[in-house]
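Protein chains: 2
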Amino acid sequence: MRYSTLIGKTKKDAPKDENSLNAQLLIRGGFIHKEMAGVYAFLPLGLRVLNKIVGIIREEMVELGAQELFMTALQNPEPWQNTGRWDDEAVDIWFKTKFKNGTEAGLAPTHEEPLADLMSKQISSYKDLPTYAFQFQTKFRNELRSRSGLIRLREFLMKDLYSFTRTQEELDAFYEKASDAYVKIFDRIGIGEKTVLTFASGGSFSKYSHEFQTICPAGEDTIYYSPEKKIAINREVYTDEVIADLGLKKEELQEVSAIEVGNIFKQGTKFSIPNGLNYIDADGSKKPVIMGAYGIGPGRVMGTVVELLNDERGIVWPESIAPFKVQLILLNTENAEVKARAESLYKELNDKDIEVLFDERENATAGEKFSDADLIGCPYRIVISAKTGDKIEVKKRTEKESKLMTPSEFIANC
Amino acid sequence: MRYSTLIGKTKKDAPKDENSLNAQLLIRGGFIHKEMAGVYAFLPLGLRVLNKIVGIIREEMVELGAQELFMTALQNPEPWQNTGRWDDEAVDIWFKTKFKNGTEAGLAPTHEEPLADLMSKQISSYKDLPTYAFQFQTKFRNELRSRSGLIRLREFLMKDLYSFTRTQEELDAFYEKASDAYVKIFDRIGIGEKTVLTFASGGSFSKYSHEFQTICPAGEDTIYYSPEKKIAINREVYTDEVIADLGLKKEELQEVSAIEVGNIFKQGTKFSIPNGLNYIDADGSKKPVIMGAYGIGPGRVMGTVVELLNDERGIVWPESIAPFKVQLILLNTENAEVKARAESLYKELNDKDIEVLFDERENATAGEKFSDADLIGCPYRIVISAKTGDKIEVKKRTEKESKLMTPSEFIANC
Numbered sequence: 002m003r004y005s006t007l008i009g010k011t012k013k014d015a016p017k018d019e020n021s022l023n024a025q026l027l028i029r030g031g032f033i034h035k036e037m038a039g040v041y042a043f044l045p046l047g048l049r050v051l052n053k054i055v056g057i058i059r060e061e062m063v064e065l066g067a068q069e070l071f072m073t074a075l076q077n078p079e080p081w082q083n084t085g086r087w088d089d090e091a092v093d094i095w096f097k098t099k100f101k102n103g104t105e106a107g108l109a110p111t112h113e114e115p116l117a118d119l120m121s122k123q124i125s126s127y128k129d130l131p132t133y134a135f136q137f138q139t140k141f142r143n144e145l146r147s148r149s150g151l152i153r154l155r156e157f158l159m160k161d162l163y164s165f166t167r168t169q170e171e172l173d174a175f176y177e178k179a180s181d182a183y184v185k186i187f188d189r190i191g192i193g194e195k196t197v198l199t200f201a202s203g204g205s206f207s208k209y210s211h212e213f214q215t216i217c218p219a220g221e222d223t224i225y226y227s228p229e230k231k232i233a234i235n236r237e238v239y240t241d242e243v244i245a246d247l248g249l250k251k252e253e254l255q256e257v258s259a260i261e262v263g264n265i266f267k268q269g270t271k272f273s274i275p276n277g278l279n280y281i282d283a284d285g286s287k288k289p290v291i292m293g294a295y296g297i298g299p300g301r302v303m304g305t306v307v308e309l310l311n312d313e314r315g316i317v318w319p320e321s322i323a324p325f326k327v328q329l330i331l332l333n334t335e336n337a338e339v340k341a342r343a344e345s346l347y348k349e350l351n352d353k354d355i356e357v358l359f360d361e362r363e364n365a366t367a368g369e370k371f372s373d374a375d376l377i378g379c380p381y382r383i384v385i386s387a388k389t390g391d392k393i394e395v396k397k398r399t400e401k402e403s404k405l406m407t408p409s410e411f412i413a414n415c
Numbered sequence: 002m003r004y005s006t007l008i009g010k011t012k013k014d015a016p017k018d019e020n021s022l023n024a025q026l027l028i029r030g031g032f033i034h035k036e037m038a039g040v041y042a043f044l045p046l047g048l049r050v051l052n053k054i055v056g057i058i059r060e061e062m063v064e065l066g067a068q069e070l071f072m073t074a075l076q077n078p079e080p081w082q083n084t085g086r087w088d089d090e091a092v093d094i095w096f097k098t099k100f101k102n103g104t105e106a107g108l109a110p111t112h113e114e115p116l117a118d119l120m121s122k123q124i125s126s127y128k129d130l131p132t133y134a135f136q137f138q139t140k141f142r143n144e145l146r147s148r149s150g151l152i153r154l155r156e157f158l159m160k161d162l163y164s165f166t167r168t169q170e171e172l173d174a175f176y177e178k179a180s181d182a183y184v185k186i187f188d189r190i191g192i193g194e195k196t197v198l199t200f201a202s203g204g205s206f207s208k209y210s211h212e213f214q215t216i217c218p219a220g221e222d223t224i225y226y227s228p229e230k231k232i233a234i235n236r237e238v239y240t241d242e243v244i245a246d247l248g249l250k251k252e253e254l255q256e257v258s259a260i261e262v263g264n265i266f267k268q269g270t271k272f273s274i275p276n277g278l279n280y281i282d283a284d285g286s287k288k289p290v291i292m293g294a295y296g297i298g299p300g301r302v303m304g305t306v307v308e309l310l311n312d313e314r315g316i317v318w319p320e321s322i323a324p325f326k327v328q329l330i331l332l333n334t335e336n337a338e339v340k341a342r343a344e345s346l347y348k349e350l351n352d353k354d355i356e357v358l359f360d361e362r363e364n365a366t367a368g369e370k371f372s373d374a375d376l377i378g379c380p381y382r383i384v385i386s387a388k389t390g391d392k393i394e395v396k397k398r399t400e401k402e403s404k405l406m407t408p409s410e411f412i413a414n415c
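In order, the protein sequences belong to chains A and B.
My numbering puts the first residue of the first sequence at 2, with every later residue one more than the last.
My numbering puts the first residue of the second sequence at 2, with every later residue one more than the last.
Incorrect hints may have been included.
Treat identical chains as interchangeable: a pair holds within one or across any two.
Each computed BS3-like pair below joins lysine-lysine, with the alpha-carbon atoms no more than 30 Å apart [said to hold, decoys possible]:
| hint | residue 1 | residue 2 |
| --- | --- | --- |
| 1 | K140 | K99 |
| 2 | K288 | K10 |
| 3 | K353 | K388 |
| 4 | K17 | K287 |
| 5 | K101 | K230 |
| 6 | K128 | K326 |
| 7 | K10 | K348 |
| 8 | K128 | K35 |
| 9 | K35 | K392 |
| 10 | K353 | K185 |
| 11 | K397 | K370 |
| 12 | K17 | K122 |
Simulated from the structure, these hints should not be mistaken for lab results.
All of these numbers come straight from a predicted model, not from anything done at the bench.
All chains should be built: construct the whole structure from the sequences, respecting the hints.
Here is the structure:
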């Protein structure tokens, strides 16, 4: 991609109405565009990052044996009335709208109810179980306040996985596998070290649910974290009883702010019984399907990465989700020979499928190009100028010093 | 994919409340699930088809030099008020909702206004032009009636491409290229022969807009088609004047029903002027950007393919968008040797990236397996049974006769 033609240019100043660091950096870098509070469009750079996060999550979902489907945003009230969650008192973040004929419809804040209803048409026998379905779908949540950039949105993409099992044991076993997959996902995205399994309220079906909380000063949540045991307790269940139950001691727990980047929940029969999601067991008896739900918001993950991985100059993307691996900077654009070398490397990198953003602007200074590259945060910066001769100047975004090398040395080692 | 574990099983009977052939076949085949009238979820088989259509369209958009972004469903009224299209009288298919603080928001029926607003923050100079942006985003349209399955939806994925140019000539040139890309897309999807460039009302900026109409009895539109010249006129502009203007004669035009699968439109400055989308030209003067819009609904295309390509037994998918290339049927599941051969071929096809749906059900008869394969409509059906020996029985969905061949013969020629 040539930077001169990219939709979404860098901006010198952060927008005044954005308090959060992630929105400031992402808007300044040309990744996102604010439509309204809590509602952001993704520009090409931002969509590339989002799609890479989605790609990593999808791979791990498929690895779990889950099947992808795609539900709807518009919601039929009925399955929600069946569980008592259509009521605005019960779920206080509904966006609702109306069909021409006056019928009410909701905008999905989550998909347990419609999926339980859908699966009741697909599952009949114990032979159909266990089964796992996931999707990437937009959720709508009418949050009272939304001022944390991509961390708390009114409209956001979510990966939601649901398990449908026969027994508690089957649910428990899959729950463990899903938990392991989440660990892998956050590792691959580059926030694994700061992300900790956190015990939270479990509802009526299980003692605890679990959150994946990324320790970060910008977090809206408070957790109590044991660095040694690598687990934490969410403030909402932080009691002497729970601390003892988990074999922890108050002294070893640190109070830290964190962002909830994922959660997993044993829902049991809460959604299946009211929506008639049953199966006929081997002995001929009719039983309700046992459900679990497992969520990650790719946009929130993207915002979290930016909150965690940045310096005073901009974003420092992990390679796995960077918009491009390389930002190639051409200086001395007036020098035909230098320009030809840069064009040739740009072509070579593209031919070798090394993703490259080529800053060939004629109307930008070297300083502007360097600071834009730092702000955008691709893992490698390459400079070609009248001074670099046959070589190229390579700098990692995480390092201060650049190195002169030949293009082929770079390609062999990047 | 093993059929026994697939979410979305075939159904013997078409749902009673579905009048359209596409919805009947797609629901019976396990491709989609009806949430409400005009609102369908995509099951794994259906999502595979949808994603293939999306993939083809995306390739052609990238080939045009367009950049992908991702706008929001929730709409800020302001850019729409600027063009006078917020009013329910002006646009009668709005879904509207409200934020907690009482502020109204809309659900995007299209994206001209927010994109003009967004681009006004990205475009400043003539050097930023021309530029082209596209997305795949859900549109919401509060249709009074919706009873054509995937053809007319209240919620649907849409690919919308927008061009931003300096001059009428630049717009005209891109418009031609986009039109050519559309021809390629419908060819690749397998409905090119039946899809015809149709002259429609152009609005105030150009004499005509163009639709891509697929000739099909189920179509809601009426067009007047010249088989010889391969163009048509939409009923809305079918006048003696237009016929003469296009160099056609009434006698050569046939009245046919058709489905609008795409449209391209020169919008001029209708959306840019009210939303301040201007650029500074080389001479220092400020000018409004000239826009064009180019839409295709992948779900509607999927419904159209089903309406066109089917027989009394089910769907006949073109290979480019089939959910799987091969449906592999194992008969005599009780025979360990036969089963091993089928498993081995299943593995080999997967290893060779030949997409295969493996019907290894133990509780289904041969007849059920054959009729399900016909209903689902993958291009190749392979049968392995006690009778096939070392060979496999291969039948194309479009042919009546099957052939015995070795697995390697099939793989080499499929």
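- [ ] Starting from the hint list further up, note which numbers the structure goes against and sort them upward.
- [x] Hints 5 and 9 not satisfied by this model.
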